[in-house]
Amino acid sequence: MAAVIQDAAGLRAGFGAPVLESQACFSALMRALAFPGRVTQAPTLAEPPDGWPSALAAAALTLLDADTPVWLDENARSPGAEAFLRFHTGAPFAAKAGAARFAILLDPRSADFTDFDIGTDQYPDRSATVLIAVDALAGGPRSVLEGPGIKTSQQIAPKGGLSGLWEAWPRNRALYPLGFDAFLFAGDGVIGLPRSVKRTDQRD
Amino acid sequence: MTAPITAGDAFHSIDGSYNFAYLDEQTKRMIRRTLLKAIAIPGYQAPFGGREMPMAYGWGTGGIQVTASIIGVDDCLKVIDQGADDTTNAVSIRRFFKRVAGVAVTEATAEATIIQTRHRIPEAPLTEDQIIVYQVPQPEPLRKLEPREAETRKMHAYSEYGLMHVKLYEDIARHGEITTTYDYPVEVNARHVMAPSPIPKFDNPKMQMMPALQLFGAGREKRIYAIPPYTQVRSLDFDDHPFAVQTFDTPCGLCDATGVFLDEVILDDKGDHMFVCSDSDHCKGRRQAGHVGPRAAAAARLGFPGSAGDGA
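From first to last, the protein sequence lines stand for chains A and B. Sequential numbering of the first sequence, starting at 1, is according to my numbering. Sequential numbering of the second sequence, starting at 205, is according to my numbering.
In case anyone wonders, no lab produced these hints; they're calculated from the structure. Warning: the hint list may mix true and false statements.
To be verified - Under 10 Å between C-beta atoms, here's a sample of chain A residues computed to sit facing chain B: (1) L29; (2) A34; (3) T44; (4) P69; (5) F93; (6) G98; (7) S110; (8) D112; (9) D115; (10) D125; (11) R126; (12) R142; (13) V144; (14) W166; (15) P194.
As the structure is a prediction and not an experimental result, all values here were calculated from the model. Note that CB positions come from ideal geometry on N, CA and C, so glycine has one too.
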């Protein structure tokens, strides 16, 4: 308890208007997932934890609570970030990636995407949602997405160490309807990647 | 753990007695998480912790919880019941959200950002900027064939949909055609068989590759499911008995529309009747544009609501 009180001095603020801003943030997340690959804008958080894109921190405030064990990768883990989540969401920290309902990755390069919960055959919704920070949502290697939510095909080019995610994606998709879902965040922007989406490298 | 309403919030509910959009924040978060998973697995019924709502089951408690969890201050809400904006269920739900969320409401399909519906899809094509929320009485398409939830869960898990095809086949064997005319089962994203809620099968083709996000809430059964925009939705059928929608011999009696879903209305106690658009906003728009149906004069004489003879 003492540690929490000590940290409180440096505790970062959450939403100024939590009810309306979490609705706006959810709306951005829902649209991102309904239209995979399209960039949506989350409300700006004035001071997210160090190294966290504002939209990722906003998504955590919007989706996490005491019912959702969360796992942080090495880079996301810091006393400041943990205090932020503990104070604003009350989410318990999962010791292992596989036990988490939400995973927060600041460095997708180091992640093993086979670790995440894929749900069960009768309840495929009981699976992990992976929140990933990237350097930018454009300007990286180009991918083409197809599937539900996409009329014909959708091009995306997020930048920042996603080769591991792309390598794991065909397996994740082959598990359908099981599998994890992912969101990519940079600044205020969000891209949604539901498990139902097929991804290929863009060839020119 | 509920996020408190701070002084920074623009407003709570319009009368200050409830949280914005009635539900508490923890409930909204739970429903929102369920909605995201439902969108990621089109047609799959995700369980959720359905709450008691201030109305009876069967009056749209599932749809209302979904709408309450997605609605924002800038949204414009339309509510229809069997296509009509002016029936009891539609009026009371619209009034509910006006009171607890202070949002704009409309009867015009094109103006709405969220359309909550009981048993119809509007005639006007929906756009990417709209979300349609269906009220669902029975989310399980297999329930009448297999009463045990433990079994239907497995049937969905293993794509074991033979029983549904047997049911449709028996219809053909007995009656020469598939006799299901509403809540006609669909296959979503080539994987899950789903109940489209009791919309007439006339509306089923509108779900295929619809640009709008479709959300389904079943309050009593506590299930949420979804169809993302631009998703394959196929009505189940057989090669030699292809799916076909209802057709009508007469146009709408009030606005002369053809190719729309019509309701039968009794006009007197001698058996006179007419068919009118089930979608009241569509019918109104056509009448305002100058279309006159074959029964418009008779309807006006009787003071039929919405006709020229209507005192309102």
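Is the interface hint satisfied for R126 of chain A? The criterion is a beta-carbon contact with chain B at less than 10 Å. For R126 of chain A, the interface hint holds, since the closest Cβ of chain B sits about 8 Å away, which is under 10 Å.
Tell me if the interface restraint on S110 of chain A is satisfied: Cβ within less than 10 Å of some Cβ in chain B. violated, 25 Å
Closer than 10 Å between Cβ atoms is the bar; does G98 of chain A clear it against chain B? Give me holds or violated. violated, 18 Å
When the nearest CB of chain B is found for D112 of chain A, is that gap smaller than 10 Å? violated, 21 Å
Hint validation: D125 of chain A versus chain B, beta carbon distance must be below 10 Å. Holds or violated? This interface hint holds because 4 Å falls under the 10 Å limit.
Under 10 Å is the threshold here; is the Cβ of D115 of chain A close enough to any Cβ of chain B for the hint to stand? Interface hint status for D115 of chain A: violated (19 Å vs cutoff 10 Å).
With 10 Å as the cut and Cβ atoms as the points, is R142 of chain A at the interface with chain B? violated, 21 Å
Tell me if L29 of chain A is really an interface residue toward chain B, meaning its C-beta lies closer than 10 Å to one of theirs. holds, 7 Å
Evaluation of the interface hint that places P69 of chain A against chain B, nearest CB under 10 Å: Interface hint status for P69 of chain A: violated (13 Å vs cutoff 10 Å).
Identify whether the interface hint at V144 of chain A stands, where standing means a beta carbon of chain B within less than 10 Å of its own. Given a least distance of 15 Å, the restraint on V144 of chain A is violated.
Evaluation of the interface hint that places A34 of chain A against chain B, nearest CB under 10 Å: holds, 5 Å
Hint F93 of chain A vs chain B: min CB-CB distance below 10 Å? violated, 15 Å
In the structure shown, a violation is registered for the earlier hints numbered 3, 4, 5, 6, 7, 8, 9, 12, 13 and 14, in ascending order.
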